[in-house]
Amino acid sequence: MSENGILIEGSRVTKRFGGITANDGVDFAVAEGDLVGLIGPNGSGKTTLINVLTGHLTPDGGKVILRGRQVSGKPAHIYAATGVARTFQSTQLFGRMTVLENLMVPGLTRPRSSAHEVARRARACLEFLNLAHLEQLYAKNLSGGQQKLLELGRCLMLDPAILFLDEPFAGVHPHLRDELIKRIEELHRAGRTFVVVDHDMESILRISRRLVVMARGRKIADGPPEAVRTDQAVLAAYAGL
Amino acid sequence: MRHLHVYILLAVAVLALAYAPRVNPYWMHVAIIAMFYGILASSWSLLAGYAGLFSLGHMAFASIGGYASALLVQWYGIPIPLGMAAGVALCCALGGLIGWVCLRMSGPYLAIFTLGFAEIVRITFSTEDDITAGMAGLHTEPLFRAATRLPYFYTAFGLLVVSLALMGAIVQSRWGLFLRAIREDEQAAAASGIDVARFRILAFAIASGFAGLAGGFYGHYIGILTPSLGGLDLMAVLVVMAVIGGMERLPTAVGGAFAVEFLLELLREYGQWRLPIFGVILLLTMRFARNGLLTPFWLHFVRLGGGARGAAAVVAPGRKDSRA
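Protein chains in written order, with the working numbering: chain D, 1 to 241; chain R, 1 to 324.
Do not rely on the hints blindly, as some may be mistaken.
Pairs of lysine to any residue residues, derived as SDA-like cross-links and limited to a Cα-Cα distance of at most 25 angstroms, are as follows [stated by the list, open to error]:
hint, chain 1, residue 1, chain 2, residue 2
1, D, Lys-63, D, Leu-131
2, D, Lys-74, R, Leu-202
3, D, Lys-74, R, Leu-143
4, D, Lys-74, R, Arg-303
5, D, Lys-140, R, Arg-287
6, D, Lys-140, R, Phe-199
7, D, Lys-74, R, Leu-103
8, D, Lys-74, R, Val-101
9, D, Lys-63, D, Gln-89
10, D, Lys-140, R, Arg-290
11, D, Lys-140, R, Val-101
12, D, Lys-74, D, Ile-6
13, D, Lys-74, R, His-300
14, D, Lys-74, R, Arg-287
Just the calculated beta-carbon pair ranges, DEER-fashion [claimed, not checked]:
hint, chain 1, residue 1, chain 2, residue 2, range
15, R, Arg-287, D, Asp-27, 15 to 23 angstroms
16, D, Ser-90, R, Glu-265, 26 to 34 angstroms
17, R, Val-12, D, Pro-174, 20 to 28 angstroms
18, D, Gln-136, R, Ser-106, 23 to 31 angstroms
19, R, Val-12, D, Lys-182, 51 to 59 angstroms
20, D, Glu-185, R, Arg-287, 42 to 50 angstroms
21, D, Arg-69, R, Ala-93, 58 to 66 angstroms
22, R, Tyr-7, D, Ala-132, 31 to 39 angstroms
23, R, Thr-127, D, Arg-69, 33 to 41 angstroms
24, R, Ser-106, D, Leu-235, 40 to 48 angstroms
25, D, Ala-132, R, Val-6, 28 to 36 angstroms
26, D, Glu-186, R, Leu-283, 49 to 57 angstroms
27, D, Lys-182, R, Ala-16, 57 to 65 angstroms
Keep in mind the hints are simulated off the structure, nothing from the lab. Since this is a predicted model, take the numbers as computed values, not measurements. Even glycine gets a Cβ: it sits at the ideal position worked out from N, Cα and C.
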C-alpha cells in the first residue's frame, strides 16, 4: 500500500467511446478498509470507471495507481493477481462449469496453489455463502441471487485487497439481498475494502461509509452518505436537471 | 469396482492389438485412417470444445505437418521420426502465431480467419509445384517397408494413445479448467486471474502440434500428399466427426471419428448419398443432442467406474469424478 493509505487511485481518468466521453478526468481514490458506495444516474460512467480501475479498459487519459505503482494499460489478470477483484453488472459466471469449479478457477491462478488446498478453501467459501449444497450444480442453473453470491465467492477466492461489486443487488430477491449485505458487512469488518455500485439507494446507504456520486462522466460529490444525500448537485443530477 | 471403465478400455485395447493381425487389409486401412482422424478430432476438440476457439484451419496444420516432414526427409535425408517431430514443432510455432494474431477474435470471425489461413496454405501448396508437386501430389518416403499394414496400425494406435494421454493430462489439470473458463467467459476468466492471451495461444499451439503429428504420420503412411488434405472438405468431415461424437470431451470426439469413418465405409454402396445422410445426422445432433450423440453413453460408461458428472480431477482431488 502507498504511504498515505491509498490502495487504488484513478487519477484524471478519461475514457471515450467514439464521440461519447464516459469518464471525464475523474479522480477516485480508495483507502484500505474503506467501503465506498458509487452511485449515479444511468450512463453516468460508473461501470466504465470500474472497468478502468480493474484493468478491463485502458484509459485514454489519466492513470491508475495500485499500491503506489502505475498499472494502467496492464491486462486485467495482472490486476487480479495484485489483489483487485470484481463482479460484473450482468452476472458473468462460467455457466457450464459447476459451482465448485467456478471457485476453483481463481484459486488455482494463485502462484504455488495446490488443487487440494484450493478445493478446501472453495468449500469453506461455499459454506460461508450458504451455497455448499449446490457445489455440483452447473452455475447457469442457479437463481439470480445465488449467482450474485457465487460471483462474490469467486472474488474472495483471489484473496483480494479490494473488491469492486457492480450492481450486486440488481434483480436479487430481498431475502438474498439481505444475505448479500450481511456477507459484505462481515467481510468489511474482517478488513476487506469494497467499492459497491448500485441503484438500490436503500442498500447502498445502509452499507456505505463513504458515498461517491457521478453524473455525465464526472464526479460530482464525495463524502459521508448523510452529507452527500442532501447535496444540491446530487439532487439535481438525479432529478435530471 | 473403482475405475472399471479404465479396465474395460484397457481390455478392449489389448483385444484390438491382439486381433489386429487377423484383420483384412481393407478394414485395417479404415482403422488406421480412423485413428488418424481420432488424433485430429480430439485435438480439434481441445481447441474448439474446451477452449471455445472454433478454428477451421485444423486440417491446414495437418497438411503443413505432412508436407514439412515429407520435404525435410526428401531434402536432407533425415530419419522420418525426426521429420515428423520437425513438422510438429513447426505446427506448434505456426499455431501459436495464428493464436496470437487472432487473440481478439472469436465465434464466426475466428472461423472465417482460420478458414482464410487454411485456403492460403492449400493454394500455396497447389501453386508451388516445384517444391510440393502441386495437385499431382508429393511422393513421400514410407514409414515402414513392410508387406502388411500391421506396423502402421500399431504406430497409429501408439500415436493415438500417446496423444490422448497427453491431451487428457492437460484437460484434467488446472490448464484444462482455465481453458474451459475462457470458453465460458473471457472477461470473467481474466478477472479471475487467468492470462487469457497466453492460454489461447497455448491452446492453438498444442492443438496444431497434434494436427501436425497426425499429418506427418498420414503423409508417410499414404505415400502421397496433395493440397486437398488441408482443404475445407476434410475440415468439414472433421467437424462432423467431433460434433456428432461430442466435441467437449476427448474420448467422444475420438468415438465420433471412428463412428463416422467406419459408417462412411459401411454405407459405401449408397455412393454420394451417404454424405447427405451424415448431413442429416449432423442436423439432428445439433437440434437434439448438442453435446454429441456419444456423450450420454460416455458419461454412463464412466459412471460404471464410480465417476459421476462433476468436477475434473484437478477440482476435487481424491474424488472419483472424471470429465475427460
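- Message: Check the structure against each numbered hint from earlier and tell me which ones fail, lowest number first.
- Response: Hints 1, 3, 4, 11, 13, 14, 15, 16, 17, 21 and 23 not satisfied by this model.
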